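Participant: Given next are the chains, with one letter for each unit.
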Amino acid sequence: MENPFFNNNGPFKFRDILKELRIENYQNDQDQNIIDIKDLQNSKSDEITFFHSKKYKTIANNTKASFCITTKNLMNELPKSCIPIIVDNVLLSTSLVTAKFYPDSINDDFDNTVEEINKTKFNDNVVFGKNVLLGKNVSIGSNCKIGHNTIIEKNVMIANNCSIGSNVILRNTLIKNNVRILDNCVIGKHGFGFFPKDNKNLRYPHMGIVLIEDDCEIGCGSTIDRGSMSNTTIGKNTYLDNQIHIAHNVRIGENSIIAGQVGIAGSSIIGNNVKIGGQAGISGHLKIGNNVEIAGGSGVIKDIPDNSKVMGYPAKNIREFLRENR
Amino acid sequence: MENPFFNNNGPFKFRDILKELRIENYQNDQDQNIIDIKDLQNSKSDEITFFHSKKYKTIANNTKASFCITTKNLMNELPKSCIPIIVDNVLLSTSLVTAKFYPDSINDDFDNTVEEINKTKFNDNVVFGKNVLLGKNVSIGSNCKIGHNTIIEKNVMIANNCSIGSNVILRNTLIKNNVRILDNCVIGKHGFGFFPKDNKNLRYPHMGIVLIEDDCEIGCGSTIDRGSMSNTTIGKNTYLDNQIHIAHNVRIGENSIIAGQVGIAGSSIIGNNVKIGGQAGISGHLKIGNNVEIAGGSGVIKDIPDNSKVMGYPAKNIREFLRENR
Amino acid sequence: MENPFFNNNGPFKFRDILKELRIENYQNDQDQNIIDIKDLQNSKSDEITFFHSKKYKTIANNTKASFCITTKNLMNELPKSCIPIIVDNVLLSTSLVTAKFYPDSINDDFDNTVEEINKTKFNDNVVFGKNVLLGKNVSIGSNCKIGHNTIIEKNVMIANNCSIGSNVILRNTLIKNNVRILDNCVIGKHGFGFFPKDNKNLRYPHMGIVLIEDDCEIGCGSTIDRGSMSNTTIGKNTYLDNQIHIAHNVRIGENSIIAGQVGIAGSSIIGNNVKIGGQAGISGHLKIGNNVEIAGGSGVIKDIPDNSKVMGYPAKNIREFLRENR
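Top to bottom, those sequences are chains A, B and C.
All the letters of the first sequence, read from the start, carry residue numbers 571 to 896 under this note's numbering.
All the letters of the second sequence, read from the start, carry residue numbers 571 to 896 under this note's numbering.
All the letters of the third sequence, read from the start, carry residue numbers 571 to 896 under this note's numbering.
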């Protein structure tokens, strides 16, 4: 995953990682440096990874990571070059370590480092309204417009010919060319992801960003959350109507059309040329194929193959649904 | 249709219209002036209209327009006084010509001509909050209140005794007496209407306005889009709860009550004394009669006659639905 | 009910109350003072109450109120110490009298007494953004953050370690420790409650507040309305995702998790450890037990006992629903 925005706070000594996980009496040398945390496939020497399910056994067998957060049951799948760190809850422990490397990815307090745009270098080449605020690490291309009271917090890149409305809040977002973001959107905050825990839920890090490709339009009052370990993506020339919610890690393809008040739950993947009617909902972790049409109000709870038309709750073939509901 | 807000940029020479449509080698005199674009019924001499479906044959036979965008198949229905302009896609070509006459109706970038209200003539007779912005061609009656950070862009008329909340955005909207618009609403932006086109959708003009009659209340975070060729209308003493979306060209009658998170798709017409429960959705181009009750969560996909009570998805008679779903 | 925020405008002479209700030719002494309005159970001597349904007969028999708004049919249930005031519509008349005692509870115009936070005593001990506004009777604990353009209207208490986002609007709200309110929320406005009346609905008073317990998170663009005669409550460590609507008088328990775009209608009570999937809707006046799971998109129209898992519209046992909808 591209990760242009979140700074790695490492390296940390192995000792510090063990301390973070409250692991004591560990025999190995604890003085080694660990420089980053990545998934099993992408991690390298001197990095730490995690392994929580047999599904990933083959990748685990070949990981290049020097350290791996895992369980007693799974530890023997790791190569000798990889030191296992045994925990009860791999994902929770991974979350703690990720937060240590990328502390900014867990904190979504408002950005109080913003400046008024007329005091920045963008004063001359952006058309902007009253009270526009810009954070650090923001870039804006040519021929862009930014409406009144809009807050562009840190870590936002906007390419050329974009029109951002009023009262918009952006952070951790990469916007390509010719994109229109309408009024009152909130884009790039963390997803609704945490480990439920009585009395005090534990939020996990969101290191992903929101990526909006060329020629998109995002309707008023919509919310698009950034990804946790991957990005939330809106494909080229895809249009979203008002009051839509796109959860973390969702990926939407090109040339898709999504009507008002639709909600797409976390990690679902939507194809190209997809049409989704108003108020439809799509559950998490689903795959919706290309050229799919989902009728307004539908509730989709399983994968939909390419070129299908569905309707209903749970959504099924539209002709079947209409025949049964005459 | 009343059209108080959008300026006609015409007249244009017939030559310019042909050029806009990329029509070459046209034999007729191209030097004539065309002064406006209207529908078949309302257009007059020296104006241009459009004719895209046999449904409108009788009206086409009698149009007074001097020019008509149409197809080869339909052109013979036009009177001799009307010069046909043959195109492949009538609605798309009409959209291009409309945009030429009414360029402001297609551009929804933020209004950067606004001024702070305390620098306008309304400083003395309106109660207003901090950072209130007013555009050109705005009028506000007596005894009105406008909350903090509210942006009234160009083309807004507010009558007497109205209360506008904070963080509200209005444009192209006519508000009658005793109306309350609650916080965070966005009212009067263009509808979600465009011609889908790979790589670059083509937005069509929205020349209609939003008209809110006397004594209405619009709940927090609601969005009401303006019409394309007609107005979006909320009838007298109709109340909308929070987070409602009303799409373009919708017309809602008097004394209706619409609960939270309801969505009404484009061009549907809702009668008087209608009650709609929370989260219900109404598809586009439907007619909902007077005194209709629609249960919360319903999905309405066909017309509903007067005095009916419906529930379900698709919505049907409420007693039947409840019997079947005991 | 705790009522920390709304001021009692009384006492009023009995004469003034009769005048408000347009009751003439009343024989009793009209010079007595009435000091407050309360329900049958809590009202005392020199106070006024209301009695509109036989259901409350036993309580009415024993009320200590000196006056009671009621009907001809019910008046004989009152003790001799209580003077009946006979009306056609008890709730409507009660609403008028309540509004007389608590006029602030019916007026939700924007608060124009706010000041910029840097001119208040909170300048030094709160981290705040640009254009933050504070009303009267606001308290903020230690280690709190308040984002840009946020408006904290009158009658708000925020405890310690809270993070309020940008563009948030709060009023009549009590927020405990470690709470996060994300961007664009509107919390504490009156509920969608009124007496429908042709040509001019009559809004009833909302004297309740919004109470958000420790460790909660409220997602972007959510709306939580304050209660009418009781409070709207979000229990400890309950998390709400984006674009959720919580209506007046709703009570949600502890450790619950509510996904995006859910709506909960007025006066429903949700237990502890409840999970509600995205876009689900819950009708008004229902009781949802502890440890209940409601699948995304469901429409709940009846009470749900403890430890149930439900799905569908109307929501039923999830296994049954899935079997029937294979």
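In case anyone wonders, no lab produced these hints; they're calculated from the structure.
If you're wondering where the values come from, they're calculated on a predicted model, not measured in any experiment.
You may find that some hints are simply not true.
Identical copies look the same in the list; a pair holds intra-copy or inter-copy alike.
Restricting the straight-line Cα-Cα distance to at most 27 Å, the calculated cross-link-like pairs of lysine-lysine (DSS-like) are [stated by the list, open to error]:
| hint | residue 1 | residue 2 |
| --- | --- | --- |
| 1 | Lys845 | Lys634 |
| 2 | Lys589 | Lys715 |
| 3 | Lys845 | Lys724 |
| 4 | Lys767 | Lys857 |
| 5 | Lys689 | Lys746 |
| 6 | Lys857 | Lys691 |
| 7 | Lys689 | Lys879 |
| 8 | Lys746 | Lys845 |
| 9 | Lys589 | Lys879 |
| 10 | Lys625 | Lys700 |
| 11 | Lys700 | Lys724 |
| 12 | Lys879 | Lys767 |
| 13 | Lys700 | Lys608 |
| 14 | Lys770 | Lys879 |
| 15 | Lys767 | Lys642 |
| 16 | Lys746 | Lys770 |
| 17 | Lys767 | Lys845 |
| 18 | Lys845 | Lys886 |
| 19 | Lys691 | Lys872 |
| 20 | Lys614 | Lys770 |
| 21 | Lys857 | Lys879 |
| 22 | Lys700 | Lys689 |
| 23 | Lys670 | Lys845 |
| 24 | Lys642 | Lys624 |
| 25 | Lys583 | Lys746 |
Participant: If the cut is 27 Å between Cα atoms, do Lys767 and Lys845 qualify within a copy, between copies, both or neither?
Facilitator: Classified as between; 13 Å across copies, 38 Å inside a copy.
Participant: Which holds for Lys700 with Lys608 at a C-alpha limit of 27 Å: within a copy, between copies, both or neither?
Facilitator: Neither way: Lys700 and Lys608 sit 42 Å apart in one copy and 37 Å across, limit 27 Å.
Participant: Quick one: Lys670 to Lys845, C-alpha cut-off 27 Å, is that within a copy, between copies, both, or neither?
Facilitator: neither (41 Å within a copy, 29 Å between copies)
Participant: Could you figure out if Lys767 and Lys642 sit no more than 27 Å apart (CA to CA) within one copy, between two copies, both or neither?
Facilitator: within (23 Å within a copy, 55 Å between copies)
Participant: At 27 Å max between alpha carbons, let me know whether Lys689 reaches Lys746 within a copy, between copies, both or neither.
Facilitator: within (24 Å within a copy, 37 Å between copies)
Participant: Cα distance capped at 27 Å. Does Lys589 pair with Lys715 within a copy, between copies, both, or neither?
Facilitator: neither (48 Å within a copy, 29 Å between copies)
Participant: For Lys589 and Lys879, with the copy left unspecified, which applies at a CA distance of at most 27 Å: within, between, both, or neither?
Facilitator: neither (53 Å within a copy, 39 Å between copies)
Participant: How do Lys700 and Lys689 come out at 27 Å by Cα distance, when the copy is not named: within, between, both, or neither?
Facilitator: both (13 Å within a copy, 14 Å between copies)
Participant: Reference check for the pair Lys746 and Lys770, CA-CA at most 27 Å: within, between, both, or neither?
Facilitator: Only across copies: Lys746 and Lys770 sit 14 Å apart there, 38 Å inside one copy, limit 27 Å.
Participant: At most 27 Å between CA atoms: does that hold for Lys583 and Lys746 within a copy, between copies, both, or neither?
Facilitator: neither (39 Å within a copy, 38 Å between copies)
Participant: Under a CA distance limit of 27 Å, which applies to Lys845 and Lys886: within one copy, between copies, both, or neither?
Facilitator: both (15 Å within a copy, 25 Å between copies)
Participant: First find the shortest C-alpha distance between Lys625 and Lys700 inside one copy, then the shortest across copies, and answer within, between, both or neither for a cut-off of 27 Å.
Facilitator: neither (53 Å within a copy, 49 Å between copies)
Consistency with the previously given hints fails for numbers 1, 2, 3, 6, 7, 9, 10, 13, 19, 20, 23 and 25, ordered from lowest to highest.
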